[in-house]
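Novice: Fit chain U to the supplied structure of chain L, relying on the hints for placement.
2 protein chains.
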Amino acid sequence: MSDDRDRLCGRLRQNGVVQPLLTDLYQITMAYAYWKSGKMQDHAVFDLFFRKNPFQGEFTIFAGLEECLKFLDKFHYSDSDIEYLKSTMSSSVEPKFFEYLKKLNAKDVTLYAIEEGSVVFPRVPLIRIEGPLIMVQLLETTLLTLVNYASLMATNAARYRMVAGKNVALLEFGLRRAQGPDGGLSASKYSYIGGFDGTSNVLAGKLFNIPVKGTHAHAYITSFTGVEELQTKTLAHKQTGQVHDLLALSSTYRESIASDLGALVSEASDGELAALISFAIAFPDGFMALVDTYDVKSIEASAKRQAHVVSLNLKNKLLTNGANKSAQYSVRNGPIISETTPPHKNGFLRRGELGELYVRSGLLNFCAVALALNDLGYKAVGIRIDSGDLAYLSHAARDIFERIATKYNLPWFARLTIVASNDINEETILSLNEQNHKIDCFGIGTHLVTCQRQPALGCVYKMVEINGQPRIKLSQEVDKVTMPGRKIAYRLYGADGHALIDLLQRCCEDPPQVGQKVLCRHPFQESKRAYVIPTQVEPLHKVYWERGNICHPLSTLQEIRNRVQESLKTLRNDHKRNLNPTPYKVAVSDDLYNFIHDLWLQNAPIGELS
Amino acid sequence: MSDDRDRLCGRLRQNGVVQPLLTDLYQITMAYAYWKSGKMQDHAVFDLFFRKNPFQGEFTIFAGLEECLKFLDKFHYSDSDIEYLKSTMSSSVEPKFFEYLKKLNAKDVTLYAIEEGSVVFPRVPLIRIEGPLIMVQLLETTLLTLVNYASLMATNAARYRMVAGKNVALLEFGLRRAQGPDGGLSASKYSYIGGFDGTSNVLAGKLFNIPVKGTHAHAYITSFTGVEELQTKTLAHKQTGQVHDLLALSSTYRESIASDLGALVSEASDGELAALISFAIAFPDGFMALVDTYDVKSIEASAKRQAHVVSLNLKNKLLTNGANKSAQYSVRNGPIISETTPPHKNGFLRRGELGELYVRSGLLNFCAVALALNDLGYKAVGIRIDSGDLAYLSHAARDIFERIATKYNLPWFARLTIVASNDINEETILSLNEQNHKIDCFGIGTHLVTCQRQPALGCVYKMVEINGQPRIKLSQEVDKVTMPGRKIAYRLYGADGHALIDLLQRCCEDPPQVGQKVLCRHPFQESKRAYVIPTQVEPLHKVYWERGNICHPLSTLQEIRNRVQESLKTLRNDHKRNLNPTPYKVAVSDDLYNFIHDLWLQNAPIGELS
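Line by line, the protein sequences are chains L and U.
Under our numbering, residue 980 is the last one in the first sequence; the count climbs by one each step, no gaps.
Under our numbering, residue 980 is the last one in the second sequence; the count climbs by one each step, no gaps.
Bound conformation, chain L alone:
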């Protein structure tokens, strides 16, 4: 692929639906009212921020900035946009307004932001945007749309990464359950940024250069009924090129492994064997097999058999009008294993039970084909489990792999990849961790992309200054009071290198200095104050857009992804833990504190007693 195409697809192109009309009508209605009242050129400052970290957590990852900049870059109403607005808005709107809109662009706007991929906290503006009132107002909804889901998704992904640990691969499998096509693409992109290793979404791979992964579905397995369906049974040796009968080899191995495991070949599905062989022939170097299509484990098989028994019994009743044969069937076809709880107490498998308990079809067939492939110079990749008790199944699979590794002297066999992918969320992973699971990779769909714990991030976009005059929005809920004026944010670091506190100051103040005591105040609780002596002071905001240009080089997706992990490392663990994390402090300078509260008093009405 040429660099040009890469740039076109990956970096500069943006989903066509991101355009100035992707906004709430009231922005355009207000724009007209501003225009009509001569306020459109008033110099306004807006902050984009959120008030609460998502997912009951105490941090958020900021994402979506690049999309915002691309949006500013191409902001322009097309002729058909103008035509549509004319047809939709009140007939009282003067035609000159539409001429004005037609020429409108974002070149008079200045955008400051925190670096994309940074850890961020409530109330600290992620973006500060300044410029003509009409223009910054018109940007609101689109910027919120571009930042809200992106940040929510990146944060969610980062949380999954933290609970999974760095040695486990994470794949995003959520396209089919996302909010429409582009919801799926955004999920892929921002889960990669948040720390996932890849996606199943091919278009996301193409557009964003994200690794894509995937093998086959249950339908592939069930599309084969038996080995007679195999049109090709042979495969050439990787090195020698000599052609071998993969079916014959696999069948021989299957007999042998079944006997070792005390399993019965007659219970294994031949359709499944055929499917796996055909897949191995197609991808001899990438053989990864779904192993749970038929009877994942005997416990489940027995449950299924019990269901048959019921069905048989009922059938019988209907046929014979009597119930006298039920008992007989129950005895003959009842569960062959008495355990009802998975035998992985203390996270360990009781080996003696393997033969009875374990996979009689999928894993048996997989191992047989994997050993046959090995004879032809190919190393299998691993298995995917998509149902059942994932901790138990991973233990059992790892155990079998280890036993085969020993018996056939193939150390790599013990390290075959185990992928798990059924309805996984943060809690599942935490529970699997406690059970010492043997899973190498999680494929995560629905709960990742829909952000199960909290489906929306509540970023808001508030006016804080107009024509040099600060604006405060009062509310009965103190949390909803906005902090007026242009503000600069600094992150102060402590002696151990961890981030201590984010400090908001008025733009006119001197920045905090390394080694010098700075008074940090709670923005609304007067008595909460602390002196901080920072070992490092990081200004959080940079200019990203000025005079019609993106004025800070855009990071690659990979760079943003790395920044997420680096940024998270600066946070103390207690801010990041899953249960009851400690809130990270966001403070204001003494100057800003007084500024806020003086303005508050000026703006709040004083009641009268009568």
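Derived by calculation from the structure, the hints in this document are not laboratory data.
Please read these numbers as outputs of a predicted model, since none were measured by experiment.
Simulated crosslink set (DSSO-like; lysine-lysine; CA at most 30 Å straight-line):
(1) L/K608 / U/K456
(2) U/K608 / L/K466
(3) U/K608 / L/K456
(4) U/K456 / L/K603
Take a look, some chain L residues computed to stay more than 10 Å from chain U by CB distance:
(5) E879
(6) R917
(7) T952
Per the computed footprint, the stretches of chain L lying under chain U, defined by three or more beta-carbons under 8 Å from a beta-carbon of chain U, are:
(8) 552-561
(9) 584-591
(10) 600-607
Yeah, the Cβ is synthetic: ideal placement off N, Cα and C, and Gly gets one too.
Specialist: Frame of chain L, contents of chain U only:
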């Protein structure tokens, strides 16, 4: 706008990201394995269906079909797609496969579906798709993506419509909280289909011809500090054209209404008055005002005053190093109203308290400007409330409107529109209903578009037949067992015109006949059977795509929207109620029952006792 443009924007165009690569990689991996093993032309039948209605409900609205058909229509791998796949897939993939893919299209596929906008139920295939195995497999993820969120959203919207009742307008306001730009567009489109009246999303309006609505945000109000900022204060009379001073007129009315209500003009915000006047000048025929920017009601104002007291006290403490003045401040600035619960017992406002309790700024200013506008021949539209106790506030606003209507003999004033828009969900509306709210329109965002109660619909896509051979997917969970073979679905209606039951039959069976007894069986519980004598038999599936053509005229969005309401009407109320609805029955014919269970026994392994 020309018809051509309409067609381009509204009907035939599709978001550019909907393309064959918008899929999971494993579909393409499987495609290669099918191709490699010579199975790609096997004739396969897949069902797309869901297993459980969303939102703890007992019905679902099927949506997304048109998008699926457009996708089939343009299915084609571009050169750059092929190039990307070559670079991504294993090097063992033969070049001829890519040549094959390049020529692939959906013309050999046949798609049957239920009409978009119909009420549908678990297990009944929404779509049945037949054709070459490789092709129908490649469609899976994209079809699921297009149907899952669309149907979830339409169902959610239909539920909001049901609880709101048909006399209340519903507007979708969710763009800023949706899953990215296209998530927002899909939300607008499918909430309109489900029964909403419009959206704030301008692009959705343009693309789908949905009514768009919106007035202004709090920022508009706070951008004005006083009446001196008004560059224009005059407005011409609608009929006579005579220019009047709207500010002077409004101010006079404000004095008069304040005195009627026992409110103090000094407590009302002049910035707000200026904002409303400027907005009225811009939209004299569409004057709709946000009234909660300053002090929605005194109870809240008092809470805010209490916050000041605390703040003042603390400040005082700091200044004087003593606490002796606290009591004094508490007395002087404490709450001027003693009520702590909203005074709308039994849904009625105690009128005597109005003067003390009610809106001292927003509503006062709105009524003043609305009466001034009336003098100039314009009728105001109404107000929007975006915070606080919506039931109470709507009662109080309606009460004021009625009193003004009486005093000034303006009957239309009593019917001014009240829009409410703060964090609304199904439960809020139900609670507001119980309180006899006076709201005419709800603007609903986050909870609507993120589908709060259940953020994803679990549609699946399962192979049910291959080369004429039925396929069954067994599972330990009976709910997950798929129903094999090609099936036809009928909806049987009872004597009262309501839908009684959906009946699945094998394709080879004769359809049920009106007036003739038909045996309907539970698919898995043998003893659950019933005879039904239908008064009407509706075949649910139609061919929509055959031989490369959309073969059934596509409905307009409006037609689909109407179908939703018509279709819901055929359902008994107990299936639709919010709390503990009765499940609607989905049955199989006796023939299909036996077919399923025979196949089940054939495919399930038989254990051996040792």
